[in-house]
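Enquirer: Sequence:
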Amino acid sequence: MKVSLKWLKDYVDIKLAPKELAERLSMAGLEVKGIQTTGGAWDNVVIGEVIAVSPHPNADRLKLATVDLGTQQSTVVCGAPNIGIGQRVPFAQVGARLIDAHSGEAVALKPAKIRGVVSEGMVCSEKELGISESHEGILVLPQEASIGAPLAAYLGDVVFDLDITPNRPDCLSVIGIAREIAALTGEALHLPQIDYEEREESIDTFASVDIVEPELCPRYCASLITGIKIAPSPPWLQQYLNSCGMRPINNVVDVTNYVMLEYGQPLHAFDYHKLKGRQIVVRSAGNGESMTTLDGTERALNPDILVIADKEDAIAVAGVMGGLDSEVTDKTDTILLESANFNQVAIRRGCGHLQFQSEASIRFDKGLNSDLPLLPLKRATQSLVELAGGRAARGVIDVYPGKSKPEPILLTAREVQRLSGLEVAVDEMLRVLKSLGFECQESDSGSQISVGVPYWRSDIKCPADLVEEVVRIIGYDKVPMTRLSSPLPQQESRLSLSARQSDLKGKLRGILTGLGFQEILTYSLVSLEKLQKLSPKLELKISPLKVANPMTREQEYLRTSLRAGLLATLAHNQKFEQSGIRLFEIGKAFLPQGKELPEEREMLCAVLSGPRAELSWQAGGEPLDFFDARGAVENVLTQLGLKASFELSDDEGLFPGRGADIIIDNDRVGIVGDLHPMVAQAFELADAASLIEIDLEKLLARITGIKEYQSILRFPSVARDIALVVDEQVSYRRVAEIIESFPLVTQIILFDLYRGEQIPGGKKSFAIRIVYQSPRHTLTDEEVDQTQEQMLGRLNQELGAALRD
Numbered sequence: 001m002k003v004s005l006k007w008l009k010d011y012v013d014i015k016l017a018p019k020e021l022a023e024r025l026s027m028a029g030l031e032v033k034g035i036q037t038t039g040g041a042w043d044n045v046v047i048g049e050v051i052a053v054s055p056h057p058n059a060d061r062l063k064l065a066t067v068d069l070g071t072q073q074s075t076v077v078c079g080a081p082n083i084g085i086g087q088r089v090p091f092a093q094v095g096a097r098l099i100d101a102h103s104g105e106a107v108a109l110k111p112a113k114i115r116g117v118v119s120e121g122m123v124c125s126e127k128e129l130g131i132s133e134s135h136e137g138i139l140v141l142p143q144e145a146s147i148g149a150p151l152a153a154y155l156g157d158v159v160f161d162l163d164i165t166p167n168r169p170d171c172l173s174v175i176g177i178a179r180e181i182a183a184l185t186g187e188a189l190h191l192p193q194i195d196y197e198e199r200e201e202s203i204d205t206f207a208s209v210d211i212v213e214p215e216l217c218p219r220y221c222a223s224l225i226t227g228i229k230i231a232p233s234p235p236w237l238q239q240y241l242n243s244c245g246m247r248p249i250n251n252v253v254d255v256t257n258y259v260m261l262e263y264g265q266p267l268h269a270f271d272y273h274k275l276k277g278r279q280i281v282v283r284s285a286g287n288g289e290s291m292t293t294l295d296g297t298e299r300a301l302n303p304d305i306l307v308i309a310d311k312e313d314a315i316a317v318a319g320v321m322g323g324l325d326s327e328v329t330d331k332t333d334t335i336l337l338e339s340a341n342f343n344q345v346a347i348r349r350g351c352g353h354l355q356f357q358s359e360a361s362i363r364f365d366k367g368l369n370s371d372l373p374l375l376p377l378k379r380a381t382q383s384l385v386e387l388a389g390g391r392a393a394r395g396v397i398d399v400y401p402g403k404s405k406p407e408p409i410l411l412t413a414r415e416v417q418r419l420s421g422l423e424v425a426v427d428e429m430l431r432v433l434k435s436l437g438f439e440c441q442e443s444d445s446g447s448q449i450s451v452g453v454p455y456w457r458s459d460i461k462c463p464a465d466l467v468e469e470v471v472r473i474i475g476y477d478k479v480p481m482t483r484l485s486s487p488l489p490q491q492e493s494r495l496s497l498s499a500r501q502s503d504l505k506g507k508l509r510g511i512l513t514g515l516g517f518q519e520i521l522t523y524s525l526v527s528l529e530k531l532q533k534l535s536p537k538l539e540l541k542i543s544p545l546k547v548a549n550p551m552t553r554e555q556e557y558l559r560t561s562l563r564a565g566l567l568a569t570l571a572h573n574q575k576f577e578q579s580g581i582r583l584f585e586i587g588k589a590f591l592p593q594g595k596e597l598p599e600e601r602e603m604l605c606a607v608l609s610g611p612r613a614e615l616s617w618q619a620g621g622e623p624l625d626f627f628d629a630r631g632a633v634e635n636v637l638t639q640l641g642l643k644a645s646f647e648l649s650d651d652e653g654l655f656p657g658r659g660a661d662i663i664i665d666n667d668r669v670g671i672v673g674d675l676h677p678m679v680a681q682a683f684e685l686a687d688a689a690s691l692i693e694i695d696l697e698k699l700l701a702r703i704t705g706i707k708e709y710q711s712i713l714r715f716p717s718v719a720r721d722i723a724l725v726v727d728e729q730v731s732y733r734r735v736a737e738i739i740e741s742f743p744l745v746t747q748i749i750l751f752d753l754y755r756g757e758q759i760p761g762g763k764k765s766f767a768i769r770i771v772y773q774s775p776r777h778t779l780t781d782e783e784v785d786q787t788q789e790q791m792l793g794r795l796n797q798e799l800g801a802a803l804r805d
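Residue 49 in the working numbering sits at position 49 of the sequence shown, with consecutive numbering throughout.
Rather than coming from a laboratory, the hints here were simulated on the basis of the structure. It should be emphasised that the depicted structure is a prediction, and the values quoted were computed from it without experimental measurement. For each residue, glycine too, the CB sits at the ideal point set by N, CA and C. Some hints could be false.
[Unchecked claim] Mimicking DSS-like on lysine-lysine, the simulated pairs with C-alpha atoms at most 25 Å apart in a straight line are:
1. 63 x 19
2. 575 x 643
3. 507 x 698
4. 229 x 378
5. 9 x 19
6. 6 x 19
7. 113 x 63
[Claimed, not checked] Here are the simulated distance ranges between beta carbons:
8. 776 x 505: 52 to 60 Å
9. 578 x 757: 36 to 44 Å
10. 500 x 663: 16 to 24 Å
11. 191 x 166: 20 to 28 Å
12. 104 x 484: 25 to 33 Å
13. 212 x 356: 18 to 26 Å
14. 793 x 703: 32 to 40 Å
15. 356 x 166: 17 to 25 Å
16. 324 x 71: 36 to 44 Å
17. 191 x 114: 47 to 55 Å
Sequences are here, hints too, so could you generate the full structure?
Expert: Quick look at the structure:
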């Protein structure tokens, strides 16, 4: 929210310097994130009056303008087509720093000879002063501007850029900020007086309003102004709008924007003669209904969208954007002015459908009070009567089906002390709350006050909210520092499930970053197309849940897997990174459960791609593959005190034969493998990739958290190499399980896999190194031979394995 200091001074006397005022506002909860000063660089720029204009003797397109500066007169060369006698203009004297219209940089003005005529000064345009981009002509000031006065004193301003929290829609208005300043400084608040002449004819004879959806539109107010003359707004109004970042258009549109910024209540003007049936209907859009909005785009509507309609068609999306068919144009002479209150949900649906957010929708989205619309409507009506030459019909339309009577809130000094630690007298509480516009009544006992919440404070619901108001105006720095009333509770020895999950996530992050992975965070909402790309057949095994009101098409569904976001991020990074990429994410996948809420399953997903090592004359440029991914999984599990086996996986997202299920205690906890080429192609990956996916809930259930000490074996080990010939369908895992079942075996290593002419068809050979070691004594050859004989016997009996010749 941008707000002009000059505009604020219309409502409250401000004696503080801009920086001090910004600090006071920030300390009261209205953060000022920036201060912009207009006119600070306008040294040597004053206001002058053009008293003579004559042709340049040597140039047809140039003129000589004589300007009265009060204490002197100066004749300068001017090429502006709009210069004329009697105008009050900004005049830059030699030495002034102006914006060069061609380069856009600030330069010091020097005397110049233009076509033989010396010119010591310049009549300025808005662009040269840095006000706007307009430089087609000079800036013409109102006749009230004092000749000889510094331009900075007349047009200069300070604009505060405030970061308003969502619970304070009242501060999305100039009066709201002014009220805060009045409370902080103890100054009086001066609100504008509203009074205008009305016609004899009642507005009821011209138009009617029907609210079909009272839950979505609790209140609708309207006024009618005839005899409107569309014209540019006066300079002061244009200046206020520009200072708040809004572009002036014409007096009607500018007045609606001006009052919206002033009171925080959005308004909209309809061309009355374009309303069919002279009727306003607030209803939901029909199936198949459409309308053309002010930006010229035809919009398809649906029943979730609240519209403003006439007797036949929709003419605006409520609180978001008006329609082209009822737009105010230069030919408009009668307008119906709308000031209404709409449900936040209806506004969000409208914004989501149009993919558009306006200053009006931003305010409605914060939850405006339904008591607000009438006063801004009358203020805007008054302004149109004064600035557009209109005449107002008698009375206003005020349809208010959602009217309710707010209950007062009781507040005691004890409650203020309990919640804040501040000891505040009842009189001080009354002073603070009354300065903010609250209606307060002290009880007979004097121990508590009854507080009536003003209509503009929709955020005040309970005594704690009032305590916050008292404390922030008095000053958070006044809150005393005290010790805790009791010691911190002892941490439980057995952590809760959520704490254990958090602890596991922290450990995983540490392990994976230590292995060279980088953590990423992706959105939980994805598109259906991305989820389909995870299958080579572009088919979904699990139907994801669709969001009722998605922000964009890219965020329509709750993800059922972390893979889509991770692979999309990998594809993006591959465009800028030539070395190896290792990414991981820890987050939730959302699995549908019929009509119930989805199961939120904590998952770890990681991806590896690119060369294994950095570019070097020693490195061969081998790519990261399945074995790197499996090594990462084994490293993670080892550090967590777990041991897993791996079985051939049938996961369709992995390359057939190059993927494995991760098995712990006969339960599948995840997968690891090379990504299927068709999936990689669908995500436009530049290189092959390997994928890891682990269910953290299953993993957590197998972590005991208790580690047993095991002393280092001090007796020597014995290594034996064997080559086993087995049937093709026998997996290495089955072989390893039998070998590891013997207590003297401490390590097995598969160092070769052979298929070829030297072994029969349908067979394969595993070359395995087996390490034997005893914790109690040095092994003899006889002990090792006996153990190995028993081992080979079991391998032969259970798997048909035989030693290779």
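Enquirer: Give a verdict on every hint.
Expert: Verification of the supplied hints:
1. 63 x 19: 44 Å, violated
2. 575 x 643: 37 Å, violated
3. 507 x 698: Holds: residue 507 and residue 698 sit about 16 Å apart, inside 25 Å.
4. 229 x 378: 19 Å, holds
5. 9 x 19: 16 Å, holds
6. 6 x 19: 15 Å, holds
7. 113 x 63: Satisfied, since the Cα-Cα distance of roughly 14 Å is no more than 25 Å.
8. 776 x 505: 52 to 60 Å: Because 41 Å falls outside the window, the suggested range is violated.
9. 578 x 757: 36 to 44 Å: 42 Å, holds
10. 500 x 663: 16 to 24 Å: Because 22 Å falls inside the window, the suggested range holds.
11. 191 x 166: 20 to 28 Å: Since the Cβ atoms of residue 191 and residue 166 sit about 25 Å apart, the hinted range of 20 to 28 Å holds.
12. 104 x 484: 25 to 33 Å: 58 Å Cβ-Cβ, so the 25 to 33 Å window is violated.
13. 212 x 356: 18 to 26 Å: 24 Å, holds
14. 793 x 703: 32 to 40 Å: 37 Å, holds
15. 356 x 166: 17 to 25 Å: 19 Å, holds
16. 324 x 71: 36 to 44 Å: 54 Å, violated
17. 191 x 114: 47 to 55 Å: 52 Å, holds
Of the numbered hints stated above, those contradicted by the structure are hints 1, 2, 8, 12 and 16, listed in ascending order.
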